[in-house]
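Start from the sequences and build out the full structure, keeping to the hints where you can.
2 protein chains.
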Amino acid sequence: MGVTDFFDPDGIAVIGASKTEGKLGNDAMTNIRTYDGDVYPVNPSSSGEVYGYEFVDSVHDVDADLALCCVPSPVVPEVLEECGEAGIGAAVIFAGGFAEVDEDGQELEDEVVRIGEEYDMTILGPNTAGYCIPHLDLYGSFVPQIREVETGNVALLAQSGGVGVTSSFQLDREEYGVSAMFGLGNRANTGFAELIPVLDDDPNTDAIALHIEGTDDIDNFIEVCREAETPIVAYKAGSEDLSEFVQSHTGAPIQDRETYEEALADEGVVFVSSVTELLDASRAIADTPTPDGKNVGVVTAQAGPGIIISDELDERGAKFPDLEAETQQRVDDLLQGITYTENPVDTGRPLPEFGQVIDAVGRDDNVDMVIVYEIYEDSLGYPVEELEALAENVDKPIIFTVAGPAEGFEEERLQMEAAGIPTFRAPERGAHAVAALIDSVDEDA
Amino acid sequence: MGVTDFFDPDGIAVIGASKTEGKLGNDAMTNIRTYDGDVYPVNPSSSGEVYGYEFVDSVHDVDADLALCCVPSPVVPEVLEECGEAGIGAAVIFAGGFAEVDEDGQELEDEVVRIGEEYDMTILGPNTAGYCIPHLDLYGSFVPQIREVETGNVALLAQSGGVGVTSSFQLDREEYGVSAMFGLGNRANTGFAELIPVLDDDPNTDAIALHIEGTDDIDNFIEVCREAETPIVAYKAGSEDLSEFVQSHTGAPIQDRETYEEALADEGVVFVSSVTELLDASRAIADTPTPDGKNVGVVTAQAGPGIIISDELDERGAKFPDLEAETQQRVDDLLQGITYTENPVDTGRPLPEFGQVIDAVGRDDNVDMVIVYEIYEDSLGYPVEELEALAENVDKPIIFTVAGPAEGFEEERLQMEAAGIPTFRAPERGAHAVAALIDSVDEDA
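Those sequence lines, one after another, are chains A and B. Residue numbers for the first sequence follow the working numbering, so the first one is 1 and each next one is one higher. Residue numbers for the second sequence follow the working numbering, so the first one is 1 and each next one is one higher.
Keep in mind the hints are simulated off the structure, nothing from the lab. What you were told as hints is all true, and nothing was included just to trick you.
Identical copies carry no separate label here, and so any pair may be met within one copy or between two of them.
With a straight-line Cα cutoff of 20 Å, these simulated SDA-like cross-link-like pairs (lysine to any residue) come out:
1) Lys19 with Ser46
2) Lys19 with Leu351
3) Lys23 with Gly348
4) Lys19 with Glu54
5) Lys23 with Ser379
6) Lys319 with Asn366
7) Lys19 with Ser379
8) Lys19 with Arg147
9) Lys23 with Leu380
10) Lys19 with Asp57
11) Lys19 with Val71
12) Lys23 with Gln336
13) Lys23 with Glu54
14) Lys23 with Pro72
15) Lys319 with Thr290
16) Lys23 with Leu334
17) Lys23 with Phe55
Note that this is a predicted model, so its numbers are computed, not measured.
Okay, here's the thing in structure tokens:
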């Protein structure tokens with residue numbers, strides 16, 4: 001019983017399941033279909049089947065340890081009480097209308113918390129879009145098409161289910177996935193402090209991405225971040241100016257960004273300032289080795305974007321070390337007559353030697369990580385073979401910023417991804433990913 | 001003769017044209033093929049044809065007023081002199097190896113400037129990837145596949161040809177295009193001050209996007225921005241810390257961002273802080289009416305992303321006005337029992353009434369512009385009809401932030417674009433686009 005039931009449920013009850021398309025209890029059923037285990041649509045006023053599963057009248061008639069509650073808020077305490085009696089260890093409550101609304105909602109939520117305590121039941125929500133674990137084909141959410149989200153190695157833990165869902169879709173649109181996505185909602189008894197340790201232990205999760213609005217138990221939050229071995233990246237939304245709107249959303253206390261940034265940065269959490277940065281930084285950190293220092297080698301085939309990248313990195317505390325004499329000689333030999341062979345190295349145009357230049361800079365002992373920029377040219381392609389060999393031979397991050405026509409570089413981009421080289425589609429996105437790697441460097445190590 | 005020859009050449013000479021694939025003189029020929037006019041490959045050491053055009057020995061044998069010079073830097077002055085003698089009014093010089101390199105390069109560039117003056121010849125470059133004008137099928141560049149870039153209503157004027165190219169491709173990947181793209185390079189005699197007035201007069205250009213590294217003639221720059229009627233958005237790259245690298249690139253003087261921002265903001269130029277923001281802001285400004293004030297109506301189907309958007313806008317000076325009594329009544333009627341019906345309006349989930357809620361907020365006289373956020377659901381779709389009607393009936397910007405599965409919303413997104421409603425694919429991108437609209441408001445008006 002407990003949080004792990006979300007990951008490995010032995011039977012799932014969908015309470016308030018419905019045959020009617022567009023209803024929340026129907027959407028939840030369409031998503032849970034992919035799960036390879038027993039699913040029980042529970043609804044005393046329905047009979048027959050929905051998506052091949054036979055309706056049952058009561059949660060007492062099922063053999064399940066996870067419940068997806070698709071009922072409106074006034075009915076939730078009663079339903080939850082029955083779940084507890086039936087021995088269900090974990091429940092997801094989708095409905096809104098609790099602490100985020102008014103006093104009556106707060107009372108309803110207090111009741112939910114009390115029932116959770118009485119039956120030792122782990123409750124996700126209320127007021128959440130749910131969760132998903134793609135590699136288990138487990139989509140415990142009412143959001144249509146969430147089951148299109150594929151498996152990745154970043155876990156999303158979002159205070160807002162909407163942000164968790166939109167982030168999952170944003171990764172999906174760029175051909176990535178998630179190891180897990182949890183929307184916390186009102187956090188009756190399951191919040192950051194409960195889920196971070198579980199995701200930290202999850203072998204499929206290589207980085208944890210947090211979306212924070214505000215939380216009461218900031219001390220526990222800090223404590224679990226301190227103890228986590230998996231890298232954590234965080235984005236804090238909701239400023240003090242918008243207090244009324246934020247409060248109305250999840251009942252979260254109003255806390256400013258700085259409070260979190262100061263407290264969590266000490267525990268090694270990397271802070272970012274947008275959803276896209278959260279996803280990009282998490283991917284970069286999940287997919288590459290931890291750099292030994294902040295020394296960045298920049299290799300660009302076009303100087304203008306190289307300047308933009310270097311500029312952003314400079315502002316974020318990167319160092320651009322001189323190359324070792326041997327590296328410099330190798331680069332000079334490769335780029336005879338070329339504009340700028342020192343770090344940042346600018347080849348002026350894509351060249352057949354571009355991969356060897358990256359290799360030279362990547363193997364330089366002065367360089368802790370490499371960022372590459374190149375506009376794709378059909379006739380040359382990207383230097384995938386050299387990059388694969390480099391990634392295999394050096395224990396440092398290599399980040400590749402792609403650019404070019406819509407269809408051009410996709411195949412080679414995916415090859416680079418497979419080789420552990422994260423790719424990004426705009427100069428500032430590559431730079432922000434490297435900035436996150438810089439922030440992840442443990443200065444005391 | 002002059003800058004307009006770039007837009008309406010009467011015959012194009014490609015000097016240093018080549019049959020050999022991968023050579024710059026061949027790449028330029030592949031791109032220029034689409035042009036509906038006379039093209040002359042000029043190369044005394046080649047004979048026969050390239051892509052169906054017959055080689056000629058000398059620029060004296062052609063009837064052209066634009067030359068694309070695909071020869072290496074040492075030969076450029078000689079070639080340019082011949083172009084002048086042959087009466088060619090405009091030339092593009094692709095080669096690097098001029099003022100950006102060393103003293104000798106500076107002398108070579110001085111010679112280029114002198115020849116330009118002697119023959120009254122407009123010179124784009126040297127050290128540029130060239131330019132393109134998709135609606136004329138005119139791609140004067142050596143960059144492979146640049147001709148895949150389609151027609152749009154934003155003109156890109158980039159100090160770095162590489163940034164011009166990568167920005168064009170970035171727009172292209174998201175199904176947009178450009179009205180024109182010019183990479184300035186070393187600006188022998190054609191820079192921002194010469195091209196902005198021409199783009200301002202261009203009926204196909206609704207916004208001008210600038211990428212700035214640094215320029216000597218900042219007074220002229222400010223002057224043309226002041227006189228332009230077309231909205232201008234600018235991004236300044238190249239900080240003082242990176243001076244050597246920047247200098248080596250275009251020989252641009254080192255100037256900080258603040259210098260430009262202060263001077264140009266007074267002339268109504270909107271400043272942004274990344275390439276993606278430059279493109280998004282330009283699209284938003286090109287496609288929507290100028291707002292009367294900074295009052296933003298926010299309508300979101302999911303509160304979490306709505307908070308992120310409102311948060312970003314709050315930091316950028318947006319105001320969130322109360323809705324008029326009549327609007328509030330209409331919204332309350334539509335959203336009975338819903339979380340938050342005041343501005344920002346949060347419907348909690350996509351609903352059939354969502355389009356009517358947007359309509360109510362959009363027609364409110366307190367609201368100068370509207371931003372919408374909604375995760376796409378297949379069964380509901382996006383409220384395209386309501387949005388089309390609203391866009392037709394109110395003279396204010398409507399911005400739609402899309403989210404959802406990879407393939408889901410594309411058709412409806414394009415319908416919204418066609419109705420003059422710019423769409424963006426991440427919460428912060430929608431917010432930044434609206435922030436640019438806020439910055440475009442003339443406070444003295």
